[in-house]
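Numbering (numbering that gives the first Met the number 0), first residue to last: 0 to 67.
Treat the hints as calculated values from the structure; they're not laboratory data. What you are looking at is a predicted structure, and each value in this text was computed from that prediction instead of being measured. Backbone N, C-alpha and C define an ideal beta-carbon position, used for all residues, glycine too. Take these hints with a grain of salt, some might be off.
[Stated by the list, open to error] Just the calculated beta-carbon pair ranges, DEER-fashion:
| # | residue 1 | residue 2 | range |
| --- | --- | --- | --- |
| 1 | Gly-29 | Leu-61 | 32 to 38 Å |
| 2 | Lys-4 | His-30 | 17 to 23 Å |
| 3 | Thr-5 | Gly-29 | 36 to 42 Å |
| 4 | Lys-37 | Gly-8 | 26 to 32 Å |
| 5 | Ala-42 | Pro-1 | 17 to 23 Å |
| 6 | Lys-32 | Leu-61 | 28 to 34 Å |
| 7 | Ala-42 | Arg-12 | 39 to 45 Å |
| 8 | Lys-32 | Lys-59 | 21 to 27 Å |
[Unchecked claim] With a straight-line cut-off of 25 Å between C-alpha atoms, the simulated BS3-like cross-links for lysine-lysine are:
| # | residue 1 | residue 2 |
| --- | --- | --- |
| 9 | Lys-56 | Lys-35 |
| 10 | Lys-37 | Lys-2 |
| 11 | Lys-60 | Lys-37 |
| 12 | Lys-20 | Lys-35 |
| 13 | Lys-60 | Lys-11 |
| 14 | Lys-25 | Lys-2 |
| 15 | Lys-35 | Lys-2 |
| 16 | Lys-11 | Lys-32 |
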Amino acid sequence: MPKMKTHKGAAKRFRITRTGKVLRMKGYRGHNKQKKNKRTLRAQGRMHEVKNLGNQKRVKKLLPYGSP
């Protein structure tokens, strides 16, 4: 049976921890940062867990070997 392929778009956006949690970055950090609250920008800079169970399963299917 051939190897399963990793979805490269998902690999760039998500990480899977050793315990199986799916992590992602939040959006709205690209530009116009002067208008945005610094505390909010700092909070959006770290990884956040994907809470929805259905979305977690979908991401894990796209990343069969975990995150690179």
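To see whether the hints hold, each was checked on the structure:
Checked against the given bound of 32 to 38 Å, the beta carbons of Gly-29 and Leu-61, roughly 23 Å apart, lie outside it. Hint check: Lys-4 to His-30, Cβ distance near 33 Å, so the stated range 17 to 23 Å is violated. At about 25 Å, the beta-carbon gap between Thr-5 and Gly-29 misses the expected band of 36 to 42 Å. Under the hint 26 to 32 Å, the C-beta atoms of Lys-37 and Gly-8, about 30 Å apart, fit the expected range.
With their beta carbons about 42 Å apart, Ala-42 and Pro-1 fall outside the hinted range of 17 to 23 Å. Checked against the given bound of 28 to 34 Å, the beta carbons of Lys-32 and Leu-61, roughly 30 Å apart, stay inside it. Remark: the range hint 39 to 45 Å for Ala-42 to Arg-12 is contradicted by a beta-carbon distance near 18 Å. Range check, Lys-32 to Lys-59: Cβ separation about 33 Å, and the 21 to 27 Å hint is violated.
Straight-line distance between C-alpha atoms of Lys-56 and Lys-35 comes to about 33 Å, which puts the hinted pair past the 25 Å bound. For the given pair, Lys-37 sits about 44 Å from Lys-2 by alpha-carbon distance, which is inconsistent with the 25 Å threshold. Restraint check for Lys-60 and Lys-37: not satisfied, since their Cα atoms lie roughly 35 Å apart, outside the 25 Å limit. Of the supplied pair hints, the one linking Lys-20 and Lys-35 is violated, its CA atoms being roughly 29 Å apart against a limit of 25 Å.
Distance hint between Lys-60 and Lys-11 is fulfilled; the C-alpha atoms sit about 15 Å from each other, no more than 25 Å. A distance of roughly 31 Å separates the Cα atoms of Lys-25 and Lys-2; the hinted pair therefore is violated under the 25 Å criterion. Between Lys-35 and Lys-2, the direct Cα distance comes to roughly 44 Å. Violation of the 25 Å bound is thereby established for this hinted pair. For the hint linking Lys-11 to Lys-32, the alpha-carbon distance of about 23 Å falls within 25 Å, and the restraint holds.
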